[in-house]
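S.K.: Throw the hints in and build the complete structure from the sequences for me.
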Amino acid sequence: MQLKVSLFIILAAGAFSCVDIPDFSDTPKIYYNGIDQEPEFDSDGKKVRENVIITIDFEDGDGDLGVSADERSDSSFVRPYGNWGNYELVTARKGADGKWTESILAEDQYKWMPILKPDGKPGPIRGKIDLNTSFLYGNSTVPVYVRFKVRIRDRALHVSDQIQTDSIQVPGYR
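Heads up, the sequence shown is in the working numbering, so the first residue is 927 and it goes up one at a time.
One or more hints might be untrue.
As the list claims (entries may be wrong) - Simulated crosslink set (EDC-like; lysine to aspartate or glutamate; CA at most 16 Å straight-line):
no.	residue 1	residue 2
1	Lys-1075	Asp-1056
2	Lys-1043	Asp-952
3	Lys-1075	Asp-1045
4	Lys-1075	Asp-1087
5	Lys-1037	Asp-1056
6	Lys-1075	Asp-962
7	Lys-1054	Asp-962
8	Lys-1075	Asp-983
9	Lys-1043	Glu-985
10	Lys-1075	Asp-1092
To be verified - Ranges between beta-carbon positions, derived for each pair:
no.	residue 1	residue 2	range
11	Asp-946	Met-1039	24 to 30 Å
12	Asn-1058	Trp-1026	17 to 23 Å
13	Gln-963	Pro-1048	34 to 40 Å
14	Pro-1069	Ile-947	46 to 52 Å
15	Gln-963	Gln-1088	46 to 52 Å
16	Tyr-958	Tyr-1036	20 to 26 Å
17	Tyr-958	Pro-1050	16 to 22 Å
18	Glu-997	Leu-1062	42 to 48 Å
19	Ser-1002	Asp-1092	34 to 40 Å
20	Ser-1001	Thr-953	24 to 30 Å
Hint data in this document are derived by calculation from the structure and do not stem from the laboratory. A quick note: this is a predicted structure, and the numbers were derived from the prediction, not measured. Here a beta-carbon is modelled for each residue, glycine too, at the ideal position from N, C-alpha and C.
M.R.: Shown next, in the form of structure tokens:
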């Protein structure tokens, strides 16, 4: 019996020593995963909004990504973030001349993702995040091409690299 317990402990220790803990940087790293869109309809079946979902993969060495709703409403917590939240969404729109013009839309000015590691324990984290924005349909909207640039930052204000999405068509004005 003693031999079986000892053998189990040795095998368990061996198995745990084989688990590699990722060695990510404390500065978040992001990768473009994809972009999707879904129209939203009113009760008459008319399109009223085009919802855009940008999916990114992320990794962070200390897992300090995201903020709580209470923190977002605390001006002393938000102040160090300056003029953008914990993710930035830059919209580039293709003009009639074929040139792209970048801007941050009013509704995308301060974007916040929720806490991604709720246990609060420091350590590496990896996953996917869906970032959202939308475009309204109107009587005089026309299809326009847009693409996005995204970057995120953690609670220590470390800023990731910036990725660019593929272009899609959404309702817009000329």
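S.K.: Any hints from earlier that this structure breaks? Give me their numbers in increasing order, please.
M.R.: The structure breaks hints 3, 15, 18; every other hint is satisfied.
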